[in-house]
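Go by the hints and put chains X, B and L with the ligands onto chain R.
Residue numbers (my numbering), protein chains in the order written: chain R, 13 to 636; chain X, 13 to 636; chain B, 1352 to 1690; chain L, 1352 to 1690.
Do not rely on the hints blindly, as some may be mistaken.
[Claimed, not checked] With a straight-line Cα cutoff of 30 Å, these simulated BS3-like cross-link-like pairs (lysine-lysine) come out:
1. R:K178 - R:K214
2. B:K1397 - R:K135
3. X:K135 - L:K1395
4. X:K214 - L:K1386
5. R:K511 - X:K620
6. X:K178 - X:K213
7. B:K1669 - L:K1386
8. B:K1690 - X:K474
9. X:K248 - X:K210
10. R:K620 - X:K474
11. B:K1397 - X:K474
12. X:K416 - B:K1690
13. B:K1382 - X:K248
14. X:K416 - X:K462
Worth flagging that the hints you see were computed from the coordinates, not collected in a lab.
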Amino acid sequence: MSVVDKLVSQELEGNTVRDVVVRFAGDSGDGMQLTGSNFTEATAIYGNDLATFPDFPAEIRAPAGATFGVSAFQIYFGSEDVTTAGDEVDVLVAMNPAALITNLSDLVYGGLIIVDDGSFTDKNLVRAGYSSNPLDDGSLDPYRLISIEIGKQVLEAVKPFGLSHKFALRCKNMWTLGLVMWLFDRSRDSTIDGLRSKFSKKPEIAEANVAALNAGHSYGETAELPSGVEVYKVPKAHVQPGLYRNTTGTEALAFGLLAGGQLAELPLMFASYPITPASNLLHALSSQKQFDVVTFQAEDEIAAACAAIGGSFAGSLGVTSSSGPGISLKGEAISLACATELPLVIVNTQRGGPSTGLPTKTEQSDLNQALFGRHADTSLPIIAAASCVDCFDVAIEAVRLATKFTTPVILLSDGYIANASEPWRVPDFDEYESFPVQFETDAENFTPAKRDPETLARVWAKPGTPGLEHRIGGIEKSFETGDISYDPENHQKMTDVRKAKIDQIANYIPDQQVSLGREVGALAVVGWGSTFGAIHQAVKRCRADGLEVSHIHARYMWPYPKNFEQLLNGFEQVLVPEMNVGQFVEVIRSRFLIDAKRLNKVSGQPFKIREIEKAIKSLLESST
Amino acid sequence: MSVVDKLVSQELEGNTVRDVVVRFAGDSGDGMQLTGSNFTEATAIYGNDLATFPDFPAEIRAPAGATFGVSAFQIYFGSEDVTTAGDEVDVLVAMNPAALITNLSDLVYGGLIIVDDGSFTDKNLVRAGYSSNPLDDGSLDPYRLISIEIGKQVLEAVKPFGLSHKFALRCKNMWTLGLVMWLFDRSRDSTIDGLRSKFSKKPEIAEANVAALNAGHSYGETAELPSGVEVYKVPKAHVQPGLYRNTTGTEALAFGLLAGGQLAELPLMFASYPITPASNLLHALSSQKQFDVVTFQAEDEIAAACAAIGGSFAGSLGVTSSSGPGISLKGEAISLACATELPLVIVNTQRGGPSTGLPTKTEQSDLNQALFGRHADTSLPIIAAASCVDCFDVAIEAVRLATKFTTPVILLSDGYIANASEPWRVPDFDEYESFPVQFETDAENFTPAKRDPETLARVWAKPGTPGLEHRIGGIEKSFETGDISYDPENHQKMTDVRKAKIDQIANYIPDQQVSLGREVGALAVVGWGSTFGAIHQAVKRCRADGLEVSHIHARYMWPYPKNFEQLLNGFEQVLVPEMNVGQFVEVIRSRFLIDAKRLNKVSGQPFKIREIEKAIKSLLESST
Amino acid sequence: MNAEQKLTLKDFSSDQEVRWCPGCGDYAILKTIQKLMPNLGVPKEKTVFISGIGCSSRFPYYMETYGFHTIHGRAPAIASGVKLANPELDVWVVTGDGDGLSIGGNHLLHALRRNINLQILLFNNEIYGLTKGQYSPTSQVGTMSPSTPNGSVDLPLRPCTFAIGAGARFVARSIDTEAKHLTSVLERAHGHKGASFVEIYQNCPVYNDGIFDYIKDKKTAAESRLILEHGKALTFGDDDQKGIRLDPRNMQLDVVTIGENGVEEDHILVHDETNKVMAQMLADLKGPDFPEPLGVLYCNPTEPYEIGVYAQRNEVRKSLGSPDINALLRSGHTWNVEK
Amino acid sequence: MNAEQKLTLKDFSSDQEVRWCPGCGDYAILKTIQKLMPNLGVPKEKTVFISGIGCSSRFPYYMETYGFHTIHGRAPAIASGVKLANPELDVWVVTGDGDGLSIGGNHLLHALRRNINLQILLFNNEIYGLTKGQYSPTSQVGTMSPSTPNGSVDLPLRPCTFAIGAGARFVARSIDTEAKHLTSVLERAHGHKGASFVEIYQNCPVYNDGIFDYIKDKKTAAESRLILEHGKALTFGDDDQKGIRLDPRNMQLDVVTIGENGVEEDHILVHDETNKVMAQMLADLKGPDFPEPLGVLYCNPTEPYEIGVYAQRNEVRKSLGSPDINALLRSGHTWNVEK
Ligand SMILES: Cc1ncc(C[n+]2csc(CCOP(=O)(O)OP(=O)(O)O)c2C)c(N)n1
Ligand SMILES: Cc1ncc(C[n+]2csc(CCOP(=O)(O)OP(=O)(O)O)c2C)c(N)n1
Ligand code: SF4
Ligand code: SF4
Ligand SMILES: [Mg+2]
Ligand SMILES: [Mg+2]
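With the rest of the complex left out, here is chain R:
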């Protein structure tokens, strides 16, 4: 459904639409990500609810005009709550032929295309794989096309600032942004502020970009545009009042870890080895040295996990971060942390697999690895983030569990929430409850095997404490003394207590809530991680169509909230959508003997709302 048709369908007055999907696409060099985040900010300030989806090319710098070098940024914004980046695109900005050909398929019939026809040179057309120029071979007739020589416009606009031709053309993205801002009545202020502070050292660059931005905007006001293309109004959403910022999942996760450290009153020892899409967390924390965190780029993932474990042994909270392939390498070390019962947070920003797979694409296929990806019986708590913003609280919770129960904890994020950004109503940190760690100091009949009778956590006695000198290690240890023990009964007892400690964490986590819908019904759609948004919208639409479906979102992937089983039993059917071949669904089936159905997508792309909607409906139909 196109923007224009929406006018009709949504039956609002004036050029008003309830929600719109805009995608900016161009060469990796065209600055589309920057354009997108500026538009996002303006949109958030405007008061719409929104969600974004940046789609990076796998290549670092592909040759200009190559299809595999196209970088895209999609934003879905509207007057009601928006939790995904949207399915079809209403407005496509394509800075070159490659961007057009690779993105056109997602554009709705009748959708709006804005292209820089200066970039539709024979060379670029060939590079993109066009045999004829789509701008004049009629292939774009089903759409509304705005074709502008943006380059020419820009050079005109920035002439006063005497930039080199090359630098002048760099302002093309701002010109385009100006035009799109006009189209949706956004304010340019935040972008202008941003440009001026970013280029404070190079004012001429700043002003040239500002001029381009304004030129693009006034072009919209003055130029002759295709019929039906005018300023669209998207009513403000009913967003909670308060102070807002944008955040990526990675940023929120970094902040959450720092916050968790303060709540636990512990320094952080963050050890990692770069890997896409996890590296940004290392980068984010490396530039926060004012906090009590040491960041360490280790020689490999094994060393990173081990350094983090060493940090925990020494009395910091060890945190290590990677993506699937790197987590595979940490398995043996994680097993050591389980055996020695040291706190440790392991962050896995999942990507497409197997092996090197699709590094820049998103997937949820490491849940099994989190549950079982080590030798022997080594169960540990696992929690997953639902959205960019959720990363903050999930990180804090991971720190709480790791320190309260002296156990490694795996935190699952993925490439989608790590890179996407969304507006965040900034929380008041003072409202967070602290959970300070009590290190052992009492030498009176101390043993490293000592446990908290209630939580079963092992005593944490850090080097430097007089009188508590002790040895730990990976060989089985006596339940009483902590010394090495090969005794069969003791091994059984230690195995049981390690398991019991993790199982009873269920008593220390909140009950499972229903995100949307009733607590009983015909169907529960049970999701986890970054599929939250798509499932949420799909369930919402189905409920609007009168279907008896609820959305249950799991944060705790192990162990489960105490009420989880009984909650699921309240539904006739259970559907588990996952971006893998079916992992969470198996655990639900084995634990609760519920015939949960699967919906799996493994394409490196997030679910579309309609994919889940369709599955819900066919399931409910088939069962009636």
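Chains X, B and L with the ligands in isolation, oriented as in the chain R frame:
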């Protein structure tokens, strides 16, 4: 029940018993393993069925007399089929106080103890933790005690050969063996032959040992022994006629891999890194250089897995072997083998965990790791060995699956079957069906993505073949061309085909059989791996007591035989005994939604028959 | 072989579009190697390129030979398996400073120690390119990178020094854009029986641009490069008037000018590529105080690992009977059970 | 510190029964270190011993200090985490030739390269003891072992050569049973700020007995050992009449006798422990042609990694405000949504 009481209970004539458990225990220096295996051989030749359980100390060479240095060898033999090493011990040979104190608890009331009282010195008594000498403080009254100064007897017997005192005493174990052989009427011939060929270079040593052996035997004939202690007869079992040998699981596994290589007409590239209890497989193959196998001790487990993968790429069959901790390190490489669809056999000889755990003890806790111990969706075939002898066929089957379906295969063994030994009716290799590998040679529209339409196996084109030059790698590849592809649909398609290839292997494996009992009934006890023997005996006893129980033993842990679900559905209840906290049982529950019950033991020791018997009975009682 | 003789660069170029950033030094290296291959007289099908992960590690995709783009850091281990399984193959490893010296350090170490016959090419751009510019174990102190926003503090590894320490028997260094020099070095590496290690200074214009300019700059080349030739004196400078001298008692090195304060030609060290101590000394020379050695630092062949393995095996086979499974099964003690 | 001054061997002995084979060289090393600790003036609670897996790696269990018996090969990585988290701690790493140089090679390499302040003791028995005697990367060619029943064919690594190649700034060697020498070397290692690497020749009577007899034997010691002292000439032999001489032009070494065919005292090389080239040369000397250097081969301190890390951090903290989470959350662009 003691040997003597057995006379009564088993109601046989003469000093005849149906089955007996003998355990030899002493310092690691006392040669108990050698003693045990000689007795085993004699017993096999005698015609009894038997099973053994060697129990090594964790230490390499503990100081003499230390409890943690005790090495034991247990043998269970009888006139009916014997598949475990037995629960209680009837006859305990203890070469020193440490051996007595650490093993007495397993001796049946009224059981027979043979000790070398020369070793019951104050020093050794203290080392073992005795406050008073058990030989004369009455604490052994519940048992029958034969206390002999074996040292003195031996020195006497070997005097003619003029050995040093030290070397002379080394013959103590043979003297003791002689006595026990007398007790059960075994022939000394095979031992004598063995000694003479082993010490062919040092005849005086050989003859001294023979003399000690004979002296021990004649001591039994002549000396005054406690009442009721005389020669016991254990009727021959009804063993299949044929040529027999003893084999450990490791030996049979090594032979099986070599055999598999010949059946596939492939050279083997065996790459490993030492680790208990897997090292022996590396050792075994390293001394078989006449076969087409290259053995490579890599710098670590990762390199071992990678070298094996390289071997497979080059056209050999790559095989890598380790135990839990090492397998954890191989996860990323295994994921590469899954992505590139190269044949690979991964042998995991499981041990006690987590982490370093109990290296010399046995456990089954790496099934989850085999199933899921890697990032992303990487399912692969898994098979497990049931016994020492079974290792041979399982190894051949692993090679067949890996080469026929170009996939990594995980073969699960464990410390128990790897080290235990049992008589093996030597098969005729000519009766095995070969499965020669067809390498691609046809350059005509070749792509590395080409698949066998039936098995879905990827084409195997080895370097050196003109015209088939191609590149493979861990990044997602096009289903059509095999070139790198980031296309979403293609990733979905490749994910699906990788999964389908493994799932349909179910069509190429035999149906699941019932090992004992009917195909339907009140209870199926479903086991896998080395628990076979204990389950088998327990089910047998319960059936003898009229219970409607069957034994199902799974060799294929992934995927399952096509009839597996329907077979299990034929039983009212399912019980899954495992030496872990419950891993196979979860898969059965999730796959078949059967409320399978668990019986778990994680003490580093194999199940005792009665533990399983008890579980079966309580389950059947509770359900009636 | 005649067939191969006629091969050209094209024959060794795969149909895959090369996907490095414009201006990347990897292009130059690729071209040089594609040009070189036909002259080595090894048939395409016997040539294998194996790499780990990194920009440099994409190399195999562009070669029309057998190739394996494996996992990060493991190329030497996988290549060892390939060579051991089939010593007939001509196996090349392409790796980077992160792939080969960070995560892959242990495998590189042991491939060199074992002296297995591989040509190992390390493209050193002193940065993690593929993951967008984090510092690497060869980055200079103070390198600003996303993971070291305030500059790195740890000391860099010297690849050639490491290689010699690992026991490498062939160690050389060249430059991405010096096609002629690189070609000669690679020919030597290929001719060497056993593991050969070649460090190639490679420019990453995107994340670490220009770090090698001081030595790549043609104008200052004479001053900044010490071109190594076996048996020739270690001289450099515009008219080769400068040289490296060693003080025999304290083993200190200094740069001297022939003819100036009593320095004569034969005071200058003479390059002996079979001399390990000299190689170690050369591997550590660096600007600005010294010129940087280019060429073969060390070449001291000994029997390659795989040759030893197969030789031993053939020896052993003489004693151990035929590879007969039935015989194997019946080896050791056996007994018969009659009906 | 006075309290600690009074500590004795007993205070550093844990209550755990020592479980090495009778006659194992590890006993002697343990004794020597337990004796040494009180003299280092570091309180027990500030001392941490970290090991991997192996016979040698059981060491921490026997020390009444903080200790961590970790996983195979990873001790340097875990120790790095400990030291980085708390630089106040005095951190020792105990490893073996398999643990440290086979599976753990990469971590040892980078701990040495980074120069993090750890004392790393490698017990070299040239065999895998704990797993019952397979050959190791330091085993001599031809070593018969369960995994090389016909003798190993690959070349051994020289631990000290490797360490220097890795960038170590302190490298020394001693012998398990030479308590006095070992003590002095360990004192030096402990005094060194930064990573110090000490190779200790250790006898494994069970799986590799007597491999070091040629140098341990007191009778031939004078001939077989080259005792290093900074500033002293490299002389050895019964009355120190033999020495090591270097040919400055070809950098060849030879053993000469002072007084014989024109050799004078000052022709003999003088040990300069700050000279890397000399250290590399010494690390490679071995019998029978040469005596084996014992003592400090190389000591050339520079700022330890953890010092640099914390110094930079304190620098940075001046500019970046206080560690205030609420401020952090509100950093960057924010906006208000009114009611
Ligand atoms: C197990 C694993 N860890 C980390 C990564 C991410 N990664 C890919 S390449 C690379 C470093 C590449 O640096 P270098 O080897 O110098 O190659 P360059 O890109 O500079 O040529 C890293 C960290 C990965 N792919 N796999
Ligand atoms: C991941 C892993 N791989 C392998 C092993 C088995 N293992 C334990 S110690 C050891 C080698 C020990 O040799 P070394 O480091 O020289 O110590 P030593 O026993 O000789 O003192 C090996 C292979 C293990 N415990 N963990
Ligand atoms: S990032 Fe650097 S190394 Fe990688 S391709 Fe681009 S220029 Fe080359
Ligand atoms: S095996 Fe060797 S190194 Fe290990 S404890 Fe025994 S003697 Fe020592
Ligand atoms: Mg690099
Ligand atoms: Mg060793």
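Hints versus structure:
1. R:K178 - R:K214: With a Cα-Cα distance of about 16 Å, the restraint between K178 (chain R) and K214 (chain R) holds, given a limit of 30 Å.
2. B:K1397 - R:K135: Status violated; Cα separation ~38 Å.
3. X:K135 - L:K1395: The hint is violated at about 34 Å.
4. X:K214 - L:K1386: violated (45 Å)
5. R:K511 - X:K620: Cα-Cα ~23 Å, so holds.
6. X:K178 - X:K213: holds (19 Å)
7. B:K1669 - L:K1386: Violated, at about 55 Å.
8. B:K1690 - X:K474: violated (50 Å)
9. X:K248 - X:K210: Measuring from Cα to Cα gives roughly 29 Å; hence the hint holds.
10. R:K620 - X:K474: violated (42 Å)
11. B:K1397 - X:K474: Judged against 30 Å, a Cα distance of about 10 Å means the pair holds.
12. X:K416 - B:K1690: With Cα atoms ~39 Å apart, K416 (chain X) and K1690 (chain B) exceed 30 Å; violated.
13. B:K1382 - X:K248: violated (77 Å)
14. X:K416 - X:K462: holds (14 Å)
Against the hints set out earlier in the document, violations occur for numbers 2, 3, 4, 7, 8, 10, 12 and 13.
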